[in-house]
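Undergrad: Single-letter residue listing:
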Amino acid sequence: DTGVSQDPRHKITKRGQNVTFRCDPISEHNRLYWYRQTLGQGPEFLTYFQNEAQLEKSRLLSDRFSAERPKGSFSTLEIQRTEQGDSAMYLCASSLDGSSSGNTIYFGEGSWLTVV
Amino acid sequence: AQSVTQPDIHITVSEGASLELRCNYSYGATPYLFWYVQSPGQGLQLLLKYFSGDTLVQGIKGFEAEFKRSQSSFNLRKPSVHWSDAAEYFCAVGAFGAAGNKLTFGGGTRVLVKP
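So the sequence lines, in the order shown, correspond to chains A and B. With the working numbering applied, the first sequence corresponds to residues 1 to 116, in that order. With the working numbering applied, the second sequence corresponds to residues 1 to 115, in that order.
Bear in mind the hints are in silico, worked out from the structure with no lab data behind them. Cβ atoms here follow ideal geometry from the backbone N, Cα and C, with glycine treated the same way. There could be a bad hint or two in this list.
Just a few of them, taken from the derived set where beta-carbon distance is under 8 Å, the chain A residues facing chain B [what the hints assert, rightly or not]:
hint : residue
1    : R31
2    : Q41
3    : P43
4    : A53
5    : E56
6    : L60
7    : F65
8    : S66
9    : F74
10   : E83
11   : A88
12   : N103
13   : I105
14   : Y106
15   : G110
Ranges between beta-carbon positions, derived for each pair [claimed, not checked]:
hint : chain 1 : residue 1 : chain 2 : residue 2 : range
16   : B       : D8        : A       : T13       : 34 to 44 Å
17   : A       : D63       : B       : L112      : 16 to 26 Å
18   : A       : T114      : B       : S84       : 20 to 30 Å
Let the sequences and hints guide you as you build the complete structure.
TA: Written out as structure tokens, the structure is:
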């Protein structure tokens, strides 16, 4: 059973460029989450999918951010017109609704974004 | 809305000594509580969780945590720390179902282990 996989692990981009991160959840997990973590802080919730439906979005998710999970499996998080304040680690997580441990959320290794 | 406070930003402990990390939460219903550990530049690894039942829960790597409803606390403990326990530890409260589906994290406690 592989864990949550994220790609790329590190990305350096120039301000104003677009970036996309991919997340592959644990196989058969139907819930998928995105969090953002800045240096010295705890992770902050961005958005959540149940299968392919995006059910909740944080106010942190500005209109430059878009997340998709088109077939209810992998997900992408795109940031358009990046700003230096977007520099952070973007964490993906997944869980299995309906299981006895359905509220246990497993995290990936994260994708580091540096905007220069 | 739920919130989590980890009062200690840094803790330094000698190898072999005991460790206790504090966590206080605010949540209107029965909480789901978690402790995660994060090594530098890495993702979060689940140490243990509390959903219901026995208020003393055992986790991986020799960690345990005790849920105290009257104190709104969920403190993490380890009897004897190993050098490999140096990391950042996050406490989180989960809101699931009608309240949404997300974890709210504390600010973390960085643990340094002295030889």
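Undergrad: A separate judgement is required for each hint: does it hold in the structure or not?
TA: Hints and how they fare:
Hint status for R31 of chain A: holds, given a least beta-carbon distance of 7 Å to chain B, under 8 Å. Hint status for Q41 of chain A relative to chain B: holds, with the closest Cβ pair at about 6 Å, below 8 Å. The interface hint given for P43 of chain A holds, since its Cβ lies 5 Å from the closest Cβ of chain B, which is under the 8 Å cut-off. Interface restraint check for A53 of chain A: the shortest CB-CB distance to chain B comes to about 12 Å, outside 8 Å, so the restraint is violated.
For E56 of chain A, the interface hint holds, since its Cβ comes within 8 Å of a Cβ in chain B; the closest pair sits about 5 Å apart. The closest approach between the C-beta of L60 of chain A and any C-beta of chain B is roughly 12 Å, which is over the 8 Å cut-off, so the hint fails. Because the closest C-beta pair between F65 of chain A and chain B is about 16 Å apart, greater than 8 Å, the hint is violated. Because the closest C-beta pair between S66 of chain A and chain B is about 19 Å apart, greater than 8 Å, the hint is violated.
Taking 8 Å as the C-beta contact cut-off toward chain B, the hint placing F74 of chain A at the interface is violated, the least distance being around 17 Å. Residue-level restraint check for E83 of chain A is violated (minimum Cβ-Cβ distance to chain B is 23 Å; threshold 8 Å). At its closest, the beta carbon of A88 of chain A sits 13 Å from a beta carbon of chain B; the interface hint therefore is violated under the 8 Å criterion. For the restraint placing N103 of chain A at the interface with chain B, the shortest Cβ-Cβ distance is roughly 5 Å, inside the 8 Å limit, so the hint holds.
Hint on I105 of chain A holds. Least Cβ distance to chain B is approximately 6 Å, under the 8 Å limit. Interface restraint check: Y106 of chain A against chain B, minimum CB-CB distance 7 Å, threshold 8 Å, status holds. Given hint, G110 of chain A at the interface with chain B, holds; its Cβ is 5 Å from that chain's nearest Cβ, closer than 8 Å. Against the hinted window of 34 to 44 Å, the Cβ-Cβ separation of D8 of chain B and T13 of chain A comes to about 35 Å, which satisfies the hint.
Judged by the Cβ atoms, the range 16 to 26 Å given for D63 of chain A and L112 of chain B is violated: they are separated by roughly 41 Å. Remark: the range hint 20 to 30 Å for T114 of chain A to S84 of chain B is upheld by a beta-carbon distance near 28 Å.
This entry does not satisfy hints 4, 6, 7, 8, 9, 10, 11 and 17, going by the numbered hints stated previously.
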